[in-house]
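With chain A fixed as given, assemble chain B onto it according to the hints.
Here the protein sequences line up with chains A and B, keeping their order. The opening residue of the first sequence carries number 1 in the working numbering; numbering runs sequentially from there. The opening residue of the second sequence carries number 290 in the working numbering; numbering runs sequentially from there.
No wet-lab data here; the hints were simulated from the structure. These numbers come from a predicted model, not from an experiment. Treat the hints with care, since some could be wrong.
[Stated by the list, open to error] For lysine-lysine, the following DSBU-like pairs were computed, each having C-alpha atoms within a straight-line distance of at most 35 angstroms: (1) B:K548 with A:K142; (2) B:K415 with A:K42; (3) B:K720 with B:K609.
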Amino acid sequence: MRKAERSIYWFLLPSILLLLIFTFYPTIYEIATSFFKIDYIKNITKFVGTSNYVQGISDPLFIVAVKNTFYFVILAVFFETLLGLILALFFNSLESRYAKFLRSIILIPMLLPPITVALTWKMMYDYNYGVINFLIELFGGKAIEWLNSPKLALLSIILTDIWQWTPFAFLVIFAYLHSLPQDIYESADVDGANYFQKLKYITLPLLKPTIFLTALLRTIDTFRVFDKVYVMTGGGPGNSTETISFYIYRNAFRYFQIGYSSSVAIIMVVIVLLFSTPYIRNLMRSTSQ
Amino acid sequence: MFNRKSVLTLLLLSLFIFSVLFSGCSTPTQSSSQTQADNTPQTSTNAEKTTSQITLHIAARAGNISDALAEMGKKYKEETNVDVQVVGMPYNELKEAIVLDVKNKGGAYDLVTLDDPWMPEFGEGKLLTNLDNYFPNGLDSDFVEKSVALGKYPYGTGSLYAFPMVGNVQLFYYRKDLLDKYNLTPPKTWDDVLKIAKLITEKEAPNVYGYVIRGQRGNPIVSDFLPVFWAYGGKVLDENNKPYVNSEAGIKAMETYLKLKKYSPKGVETFDTDQIANALTQGQVAMTIAWPAWVSKVDNPQSSKVVGKIDFSVVPGQVKDSAAMIGNWLLGIPSTSNNKEEAVKFLKWVTSKEVQKEMALKFGVPPTRKSLYNDKELVEKYRYYPSQLDALEHSVARPRTPYWSQIEDVWGLYLSQIVSGQIGIKEGLDKANSEIEKILK
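Same shape as in the complex, but just chain A:
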């Protein structure tokens, strides 16, 4: 028995090595870099202690990026989870073959390449030539400045994100929902419960861990949103759609301030960790019940 146990470590060795080299090492390197002021083009490296972090937290542009990111995450995750839940409940009550076909179609948005999604929506949102404004005007409405207005641009990108990732929430919740044991419902029917009572007292409590898991996964993913911002608005108009990732990208690859952008990346990691901790704790608590 002991021999078999020891060989487990040998099997784990390649993955551990890869993990250390490609995850652990770059992270440590980045933390180290964040304490230097580095200009990549001019080859200047200067130790500056924590001044990068101080600069980051006090930069009003970074604060705006944080605000935009939080706005994005909260709205996107809330609606993706909610719509995913509603869709899952809806499809759970359908049994026809048509329903199964429809289910596969619903999954398509999240299977598409993110850049394709971003580019296509950008064209649809175009003020003068986009199909959305075309349809609005066709029905007698007034064209909307989807990506040009500082107030609407972020919401437009959030809408695209919701369109793309609600299927994911749907998939996760539906899979769990479908596998729930039917006998609880049968006994509820015997007791004379209606749909909403069953929903409130049976379905939702059972689904709580899955809903939280979905929300957690989407939160961590949405926090890093970059491709849609990059393609659809480039952070504009002004910096109304600039997210933390875009801010880091700008400082790293437009100004080539490697040290500073590393420090902002670390700040972002800390924020994500703080933000996800209550989720994870909740998740742990729910699953252990």
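For chain B alone, coordinates are given in the frame of chain A:
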């Protein structure tokens, strides 16, 4: 003491330390460039052609510049058997790709197009090959002096690092037919422009607007706003490298610029090159500042609805005489190229009189040679060439500082915020100025 848990921990810890040491010792090098792989020796009977297959990779600004280079590249291959591959990229991506390639010693590019404001940064970072040894007598006198000066580091007096390839200088474009319709004379000052724009917008909107600004954050809006700023006497940096974008001149210029926005079509907050060229050639606007390279199509009946109706002049002045902004695209050789000799040959060939003429005729790429601006065939196609040469010879370059990218980006951010109404003029310009001060510290 030596239970399984502590052995595992020890194992993991030593693995970690090992991998840190391992990767910390080597310098990151990317795989050797494709050009190496393409060097297959062949015997050749033709004495003029090169004996092995060499490929030159060019990183170029996507659009008519990359198209022109690709087309000329095919011709070069026919003449010399050297293959030319052009990679076209948008503005920001281009700079990023070049910097990363050179800094990581990738050697992916043998020639790169660069916007002239990048020259100080590239020069300080030693990203380009010094061309003095290849051209000991400098460039021939046919080249426009102000364009040649841009390719030298330090500006004007230093070594040659790049050839000027695209002779862009801002011009002011206006619809002569509309001005004639309302008995207006071409504007000389920005006050004139506002008067004309107001009139035309009132009478012709929404079919035609008086003006169109290029409001997208960053390089677009700064390039569009600078001439107005300069016309009001504004100065970005003084001799001591102190910024003054929030001066009285700056405020007045921005007030005018916001009025110009009022007379522009909707959506200008995100307008860039394509939208401006479109607005002009589709007859939607009466006046704008533009780079001739993009609007070469105004007289092309296949893409323009306003053939023959557009006229051009120098950019209007205000308190100061107009100062045309020069903005040449230069062609240089990265210091990490593996085919420098061949690249130099291509460089010489592509900036020769014949090739520049062909690029101008077929793609609207303005040349950097004086003789071509008075060439009969070219002037017949591009009426504005003589004016353009005049503008080039009296042009002003943007401030030569290695921090220009950051300054432009920050200034461009606040300018676009002011234009989209997110922040007031004084507050926006003050913030921009303090951010620029921080950059230059």
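Evaluation of the provided hints:
1. Taking the CA atoms of K548 (chain B) and K142 (chain A), the gap is near 24 angstroms; set against the 35 angstroms cutoff, the hint holds.
2. Distance restraint check for K415 (chain B) and K42 (chain A): the Cα-Cα separation of roughly 8 angstroms lies within the 35 angstroms cut-off, and the hinted pair is therefore satisfied.
3. Of the supplied pair hints, the one linking K720 (chain B) and K609 (chain B) holds, its CA atoms being roughly 26 angstroms apart against a limit of 35 angstroms.
Every hint, counting from the list given before, is met by this structure.
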